[in-house]
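For the record, the sequence lines run as chains H and L.
Letter by letter, the first sequence follows residues 78 to 522 in our numbering.
Letter by letter, the second sequence follows residues 78 to 522 in our numbering.
Bear in mind the hints are in silico, worked out from the structure with no lab data behind them.
It cannot be assumed that every hint is accurate.
Identical chains blur together in the list; that is why a pair holds if it fits in one copy or across any two.
Restricting the straight-line Cα-Cα distance to at most 30 Å, the calculated cross-link-like pairs of lysine-lysine (DSSO-like) are [as the list claims (entries may be wrong)]: (1) Lys438 <-> Lys218; (2) Lys238 <-> Lys321; (3) Lys238 <-> Lys343; (4) Lys404 <-> Lys438; (5) Lys404 <-> Lys430; (6) Lys438 <-> Lys116; (7) Lys238 <-> Lys147; (8) Lys321 <-> Lys279; (9) Lys218 <-> Lys194; (10) Lys116 <-> Lys313; (11) Lys80 <-> Lys519; (12) Lys320 <-> Lys263; (13) Lys279 <-> Lys330; (14) Lys522 <-> Lys283; (15) Lys313 <-> Lys106; (16) Lys238 <-> Lys106; (17) Lys238 <-> Lys438; (18) Lys320 <-> Lys330; (19) Lys320 <-> Lys238; (20) Lys438 <-> Lys147; (21) Lys116 <-> Lys194; (22) Lys404 <-> Lys238; (23) Lys80 <-> Lys283; (24) Lys519 <-> Lys418; (25) Lys343 <-> Lys522; (26) Lys438 <-> Lys263; (27) Lys202 <-> Lys438.
2 protein chains.
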Amino acid sequence: MRKYDVVIVGGGPAGVSAALSAKNSYPSKNVALIRKDMKPMIPCGIPYILFSLNGVDENILPDVPLTTNKIEIINGEAVDRKDHTLILSDGEEIQYEKLVLATGSVAMLPKIEGNNKEGVYLVHKEREYLERFRTAVHNAKKIVIVGGGYIGVEVADELVKAKKNTTLVEMMPQLLPTMDQEFGDKVKEILIGQGGTIITGKKINKILGETSVDGVELDDSSKIECDLVIISVGYKPNLELVKKIGIPYQEGKGVPVDDYLRTSEKDVFAIGDCAVKYDFFTGDLSNIMLASTAMAEGRLVGSNLYSIRVVRQYQGVLGTFSTKIGKTAFAVSGLTERRAKEKGLEYTVGISKAVDRHPGKLQGVSEVYVKLIFSTYSHTLLGAQIYGGDSVGELINMVSVMILNRMTDTDINTLQIGTHPLLTPSPIAYPVINATINAIVKWFK
Amino acid sequence: MRKYDVVIVGGGPAGVSAALSAKNSYPSKNVALIRKDMKPMIPCGIPYILFSLNGVDENILPDVPLTTNKIEIINGEAVDRKDHTLILSDGEEIQYEKLVLATGSVAMLPKIEGNNKEGVYLVHKEREYLERFRTAVHNAKKIVIVGGGYIGVEVADELVKAKKNTTLVEMMPQLLPTMDQEFGDKVKEILIGQGGTIITGKKINKILGETSVDGVELDDSSKIECDLVIISVGYKPNLELVKKIGIPYQEGKGVPVDDYLRTSEKDVFAIGDCAVKYDFFTGDLSNIMLASTAMAEGRLVGSNLYSIRVVRQYQGVLGTFSTKIGKTAFAVSGLTERRAKEKGLEYTVGISKAVDRHPGKLQGVSEVYVKLIFSTYSHTLLGAQIYGGDSVGELINMVSVMILNRMTDTDINTLQIGTHPLLTPSPIAYPVINATINAIVKWFK
Numbered sequence: 078m079r080k081y082d083v084v085i086v087g088g089g090p091a092g093v094s095a096a097l098s099a100k101n102s103y104p105s106k107n108v109a110l111i112r113k114d115m116k117p118m119i120p121c122g123i124p125y126i127l128f129s130l131n132g133v134d135e136n137i138l139p140d141v142p143l144t145t146n147k148i149e150i151i152n153g154e155a156v157d158r159k160d161h162t163l164i165l166s167d168g169e170e171i172q173y174e175k176l177v178l179a180t181g182s183v184a185m186l187p188k189i190e191g192n193n194k195e196g197v198y199l200v201h202k203e204r205e206y207l208e209r210f211r212t213a214v215h216n217a218k219k220i221v222i223v224g225g226g227y228i229g230v231e232v233a234d235e236l237v238k239a240k241k242n243t244t245l246v247e248m249m250p251q252l253l254p255t256m257d258q259e260f261g262d263k264v265k266e267i268l269i270g271q272g273g274t275i276i277t278g279k280k281i282n283k284i285l286g287e288t289s290v291d292g293v294e295l296d297d298s299s300k301i302e303c304d305l306v307i308i309s310v311g312y313k314p315n316l317e318l319v320k321k322i323g324i325p326y327q328e329g330k331g332v333p334v335d336d337y338l339r340t341s342e343k344d345v346f347a348i349g350d351c352a353v354k355y356d357f358f359t360g361d362l363s364n365i366m367l368a369s370t371a372m373a374e375g376r377l378v379g380s381n382l383y384s385i386r387v388v389r390q391y392q393g394v395l396g397t398f399s400t401k402i403g404k405t406a407f408a409v410s411g412l413t414e415r416r417a418k419e420k421g422l423e424y425t426v427g428i429s430k431a432v433d434r435h436p437g438k439l440q441g442v443s444e445v446y447v448k449l450i451f452s453t454y455s456h457t458l459l460g461a462q463i464y465g466g467d468s469v470g471e472l473i474n475m476v477s478v479m480i481l482n483r484m485t486d487t488d489i490n491t492l493q494i495g496t497h498p499l500l501t502p503s504p505i506a507y508p509v510i511n512a513t514i515n516a517i518v519k520w521f522k
Numbered sequence: 078m079r080k081y082d083v084v085i086v087g088g089g090p091a092g093v094s095a096a097l098s099a100k101n102s103y104p105s106k107n108v109a110l111i112r113k114d115m116k117p118m119i120p121c122g123i124p125y126i127l128f129s130l131n132g133v134d135e136n137i138l139p140d141v142p143l144t145t146n147k148i149e150i151i152n153g154e155a156v157d158r159k160d161h162t163l164i165l166s167d168g169e170e171i172q173y174e175k176l177v178l179a180t181g182s183v184a185m186l187p188k189i190e191g192n193n194k195e196g197v198y199l200v201h202k203e204r205e206y207l208e209r210f211r212t213a214v215h216n217a218k219k220i221v222i223v224g225g226g227y228i229g230v231e232v233a234d235e236l237v238k239a240k241k242n243t244t245l246v247e248m249m250p251q252l253l254p255t256m257d258q259e260f261g262d263k264v265k266e267i268l269i270g271q272g273g274t275i276i277t278g279k280k281i282n283k284i285l286g287e288t289s290v291d292g293v294e295l296d297d298s299s300k301i302e303c304d305l306v307i308i309s310v311g312y313k314p315n316l317e318l319v320k321k322i323g324i325p326y327q328e329g330k331g332v333p334v335d336d337y338l339r340t341s342e343k344d345v346f347a348i349g350d351c352a353v354k355y356d357f358f359t360g361d362l363s364n365i366m367l368a369s370t371a372m373a374e375g376r377l378v379g380s381n382l383y384s385i386r387v388v389r390q391y392q393g394v395l396g397t398f399s400t401k402i403g404k405t406a407f408a409v410s411g412l413t414e415r416r417a418k419e420k421g422l423e424y425t426v427g428i429s430k431a432v433d434r435h436p437g438k439l440q441g442v443s444e445v446y447v448k449l450i451f452s453t454y455s456h457t458l459l460g461a462q463i464y465g466g467d468s469v470g471e472l473i474n475m476v477s478v479m480i481l482n483r484m485t486d487t488d489i490n491t492l493q494i495g496t497h498p499l500l501t502p503s504p505i506a507y508p509v510i511n512a513t514i515n516a517i518v519k520w521f522k
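So that you can see chain H by itself, here it is in the shape it has in the complex (with noise of 0.2 Å):
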């Protein structure tokens, strides 16, 4: 038996940050992470391997944080438990004295017949089905995905960079219906442009096929052919682990912990995908799963494994994402209109649209395009949905970090933002204060 003072499961982001955050918080005490895959993947870097990487094994997670840090990493399965020692499948025992679960989410598989035909994938997260799924799209002429959030969009653009004839179907009106609709048509646009085709509003009857794939049939009872079909409607926290150790969870929905990821057993954490999340603004329970999330878990619960050293300062899922399809980047952070609506809370828009050179005659110009959602009445601002240029993917963190900071039209109307030629719009046209304006602007009214 070995003996550690934090053990943590689960090799993805959300265990190595909590595993370094414990290790740097608590510098003498010893650290062990299981996981159960030798290579874990870097789980956004997923849909790279099949095009633009080339290789599963270009998107490992490295272990050099971990062992540069003096963190034992066991390689092995948790499936039982007896008081404080967990027990692998091999039978090995590790015993812990505060234990971090970070065993992450697996794919949903929704009930459509045919869906366990040959040449039928999901987008998991394991190395070796990765291997196989990136042969099995390698071979395939014609594909379809179903489903067009995040992962779909993103596997679609690798397919058409990849010129494999490809279909996105799509159940609800609008691509990447976590943003408002401008941005779904926007990347429905480019990955049309590119020769993809999209088809919205329609859901996946069956797949068809005698022993595998040959074509899907949607629920005008139009039918598609295809020799593969790629699945990726979501995932589900992974409660495989806590179900049999016995540690309480809400199906669905992963393991209930306080503001400190204390599940209701002392010395037993939870974060990241398999622990039950919040929403920033409402306090609604929220199934939005990001890194930007686990990871921010995972650097917290390090600190507070003895005590609370860290006061929690956020609280609640802001939903902090970012994107590439084509050559655009897609950013949002907070509330879209569609949810402001959705919740009752009164807003204001504010749009701005610019290029992010200056002047416009320089090279590699992108044009950028912000909408911002404010609160009427108290003008804090409540979200942001940007596309442009690779900047993006920063500069959807400067908004997170004024939402996270309850910042006004005012605070942003009077802040002091750097600009260049060569690296930004123009500081009259910077579009994250000219959204700003174009909102007060109606109340100056």
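Given the structure of chain H, go ahead and fit chain L onto it with the hints provided.
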């Protein structure tokens, strides 16, 4: 005589932003902008007319924002005043109710023997001067740049890209003296790598030649041959008009204003480079002249011309700035380590380095290096310096927002930061977070 409610003097970014904000805030008022140059330059684009742009006319600040907002443009030079009426050089009289001075700054000519020879250029902002400057640079073979601040290194970068024989001389021991040593050294390395010659820690004694330049002599008596000298040692407030019209000013510092940009005279405001500035951290007089500050002032002044509607949130110059040298972006906001030391602020440094895409096998990866300065006792973020890929232009703005909100190490460490393989560093390596953790680890020890 023409009559306007609001008259702005100055057609640069500060003046334009003031005009727009006046019109947005008081739509029924008529607003006029008086400017000397019919075709004003984008100030921060000026270095790029030398090589990256195909001529001076590609760097004109567009009139569209003014004309679409029905702001009257008056091309002329204000030279005198009677009561509330400005008099232009052609005798025309322009009456105002509120006057905003945004006359900007002028390049300083240091007292160097021979500074009036043919072939000596300053980085002025006037279009016609810049036409001549550009032609002279294109015809020159060997060029010496005096001054290694932002403009100096940007000009040097353009010249080495244009394959000119370029020598830059900076009297301080490093380039970019407003950043810490390692950043100046990195700029030096890049410029040398592109074929430039960099001399630091030496002054120019004389500019040599009969009537036109044929070299410079340094303070160690060594000589450098050249046929063009570009002097770039800073700017000072343009106080020509305020002297003529009797607004109080401080020589070399600008027009004193209160927190709402009001001068000592009712109905007269001053903003941008021509107004006195104070440091964000110490309240000292600041001689930093940046669009980031000027624009924030322009946006504020317009809202508050007739009464204080918008309470000022942020006072003092943060000095948020970004640039790009070679393929590397550099940026700074708030205090550097050197200034923290000079000003007696007790500080802790956090440093982190990462690649700005993940996995690192993806194309277009740059290294990004972040240095943060925290207050040791109060744990607030005081400053950031960064180099890396183009996204640094927005990353520094995120950090500025953090500093302005007086965020602490804990606030930053528990942030939800969005990351994406094609757009940002990995969530585990995200350098603004990891530099924060680097400082935190010092506190935990």
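Right, here's what the structure says about each hint:
no. : hint              : verdict
1   : Lys438 <-> Lys218 : between (41 Å within a copy, 27 Å between copies)
2   : Lys238 <-> Lys321 : neither (43 Å within a copy, 64 Å between copies)
3   : Lys238 <-> Lys343 : neither (50 Å within a copy, 63 Å between copies)
4   : Lys404 <-> Lys438 : both (19 Å within a copy, 18 Å between copies)
5   : Lys404 <-> Lys430 : both (17 Å within a copy, 26 Å between copies)
6   : Lys438 <-> Lys116 : between (46 Å within a copy, 16 Å between copies)
7   : Lys238 <-> Lys147 : neither (41 Å within a copy, 46 Å between copies)
8   : Lys321 <-> Lys279 : neither (39 Å within a copy, 72 Å between copies)
9   : Lys218 <-> Lys194 : within (17 Å within a copy, 71 Å between copies)
10  : Lys116 <-> Lys313 : within (22 Å within a copy, 59 Å between copies)
11  : Lys80 <-> Lys519  : between (63 Å within a copy, 28 Å between copies)
12  : Lys320 <-> Lys263 : neither (42 Å within a copy, 54 Å between copies)
13  : Lys279 <-> Lys330 : within (27 Å within a copy, 66 Å between copies)
14  : Lys522 <-> Lys283 : neither (54 Å within a copy, 60 Å between copies)
15  : Lys313 <-> Lys106 : neither (32 Å within a copy, 57 Å between copies)
16  : Lys238 <-> Lys106 : neither (48 Å within a copy, 53 Å between copies)
17  : Lys238 <-> Lys438 : both (28 Å within a copy, 18 Å between copies)
18  : Lys320 <-> Lys330 : within (13 Å within a copy, 70 Å between copies)
19  : Lys320 <-> Lys238 : neither (42 Å within a copy, 63 Å between copies)
20  : Lys438 <-> Lys147 : between (51 Å within a copy, 25 Å between copies)
21  : Lys116 <-> Lys194 : within (28 Å within a copy, 68 Å between copies)
22  : Lys404 <-> Lys238 : both (11 Å within a copy, 27 Å between copies)
23  : Lys80 <-> Lys283  : neither (51 Å within a copy, 74 Å between copies)
24  : Lys519 <-> Lys418 : within (18 Å within a copy, 46 Å between copies)
25  : Lys343 <-> Lys522 : between (56 Å within a copy, 26 Å between copies)
26  : Lys438 <-> Lys263 : both (24 Å within a copy, 28 Å between copies)
27  : Lys202 <-> Lys438 : between (43 Å within a copy, 19 Å between copies)
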